[in-house]
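J.: One letter stands for each residue in the lines below.
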Amino acid sequence: MRLAPRISLLVAASLLSIGSAHAETVVKIGAALSLTGPAAAYGAQQKVGILAAVEEVNRSGALKGVKLEAVIEDDASTKEQGIAVFQRFINKDKVAAIIGPTLSNTATAADPLAQGARVPVVAVSNTAPKGITDIGDFIWRVSLTEGQVIPGALKRLQAKLGFKKAGVLYGNDDAFTQAGYNVMKAATEAMALEVVGTQTFAKPDKDYTAQLTALLGGKPEILIVSALVENASGIVAQARQLGWQGPIFGGNGFNSPKLMGNAGPAAEGVYVGTAWNKVSSAAPNQAFLKNMAARAHEPDQFCAQAWTGVMAIAEAIRLSGKGGREEVRAGFLKLKALPTPLGTFSFLESRDGSHDPALQVVKDGKFQIVQ
Amino acid sequence: MGQQVINGLFLGSIYALFALGYTLVFGVLDILNLAHAAVFMVATFVAVALVGHGVHILLALPAAVLFAGLLGLVLERVAFRPLRARTDSNIAGLISSLAAATIIEAVVLEIWGPNITRFPFGTLPEGPTNQLRLLGGTVSRLQLTIIAVAGLLVLALTWLVQRTRLGREVRAVAESPRAARVLGVDVDRAIAAAFFISSALGGAGGVLYGLAFNSISPDMGRGVELKGLAVIILGGMGSMPGAVLAGFALGLTEVFVVANLGGSWRDVISFAGLFLFLVLRPRGLLGAAVTREA
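Protein sequence lines, in the order shown, are assigned to chains A and B. Numbering-wise, the first sequence is residues 0 to 370 according to numbering that gives the first Met the number 0. Numbering-wise, the second sequence is residues 0 to 293 according to numbering that gives the first Met the number 0.
Do not rely on the hints blindly, as some may be mistaken.
To be verified - Derived list of chain A stretches under chain B, where covered just means 3 residues or more per stretch with a C-beta under 8 Å from a C-beta of chain B: (1) 203 to 211; (2) 226 to 234.
Unchecked claim - Distance windows between CB atoms, simulated: (3) B:51 <-> A:61: 52 to 58 Å; (4) B:259 <-> A:188: 22 to 28 Å; (5) B:266 <-> A:280: 49 to 55 Å; (6) B:72 <-> A:185: 56 to 62 Å; (7) B:51 <-> A:91: 48 to 54 Å; (8) A:216 <-> B:185: 54 to 60 Å; (9) B:159 <-> A:245: 43 to 49 Å.
Unchecked claim - Selected chain B positions facing chain A (Cβ under 7 Å, derived; list incomplete): (10) 10; (11) 115; (12) 118; (13) 119; (14) 120; (15) 137.
Bear in mind the hints are in silico, worked out from the structure with no lab data behind them. As the structure is a computational prediction, the values presented were derived from the model and not from experiment. All C-beta atoms in this analysis are idealised placements derived from N, C-alpha and C, irrespective of residue type, glycine included.
The shape of chain A in the complex, shown without the other chains (with noise of 0.2 Å):
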């Protein structure tokens, strides 16, 4: 009850706020990170990447007349947080765009804040394919979804592996498994491979040779996987034991190095999809790395996506000449092929990120790029 007039004072103060934003040279971006909590590995690597970001436009002096300045904030990986840190960018700070928050899960609680507030938002690091863009026309996302990294990763497997047959193994007591399997299967029909067989497992399973010998009854040439991570290494030390020693492709839950810890040398040979390509040899990406260097900091997929972020909202302001809340909106919808360390980055139409996923394969025990 006691909400609603302070909601409609948050508005009105951020409309206020517009209107002096115009004339100030140092604009403000808010960062909503997590830097405690579950997620806290991920917003230490995002605060990185932003801090870097920011430094670098400064350096460049590509926005003429204009500073911009990183405000971070710990959204302590929760809902409960990030709401409190939304309310404090949006009313005290009175910044001109929010990057975060780390989680999904705390933007689909936050991000609606900033909607009402006409405050844009660049999501670095939510992968949710529903939930967060959808939010409104002020929320923007600079990492791919599941639906986005699947297809073009699996595309470029076999492009180097020429596979035509493939068994599909998948969780289905899983949300995300089972919109992994979703995305999986609308791929397979898309490339016309042929499915010799799908099976589904449980999260409480352990025991997965049933299915596995099944799958591989069919004669498959690719063995596909949507598990979360403590299942997928069962599945994959299993399959190695039934003798299987092709490739096995597996979706986002595979993408820990849990992965190698709990199948060991049985995870050789996995390959999963990632938004970046870490070797790529494109200038702005060996830029970003050098940055990096200079730094003594080892990035990772969430430090070049947090950079990315910021360049993004940089180029905005570049392409509408001020750095105002409704003007870096205005850029977002301008801005066109912007070379970052992701790739070339798009926004579509649904204002979420599009660029050229990477392959990553198992290999020495190490995650590494599938050239």
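Once you've looked at the hints, dock chain B against the given chain A.
T.: For chain B alone, coordinates are given in the frame of chain A:
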């Protein structure tokens, strides 16, 4: 086909090993020891810890099995014996075994955490060189070893119960504790022995399960517990040969349902089959007459 038979036998041998100990205590005391799954789990963690400290698995396995047996003695002393004189000791025992299971799980959670762990690499020889072709399928030495160990334990237990003095005492107590006591059998000792053997078997099942699937967590016993319950009902409550037979039957059924109908149908068909079987033959595969002997 051949491969699926091997998969089914393998899964079945684990169910059988788990259910044997389960049914032994049931046969003697007429109570379900719901802490059996916790013993199964804790023995696996003990073996992992030992191997992690450089102990060879061939020593770690018997050590973990011994630990499980001793834990069984403790359980009997703490959770069951104090309740035995009561008239409602069956239900009370069921509840106190559930409490014991919860405590054991909590302790393991506290020590080792909730994450899934595994035996260190190289605990057992792995890789293609340790695989054999059999029945048109591939079987690893590990799987063969597990099936063989399970078979050996079944034979050893049968011999123990049928041929030794201890076995006769246990069977006498199962028949009638009062009559056994009149005949000079130390009833408490016989029951403690049954618990020791039961828990040791459960522990062996756990370590082999952990080696086979390398997915060890504090809740790993739960899935097996329900299957074990189904197996001892199917085999005829308290019947040991019945439990073994039913263990293999359930393992094979599950594998063929998964392969032919899909994973979602596995438990549906298995438990619907169990239900149907019990309607047609309420005493289970080898129940009734054999029950009181076990």
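J.: Hint by hint, which ones does the structure fall short of?
T.: Violated hints (numbers, rising): 12 and 13; every other hint is consistent with the structure.
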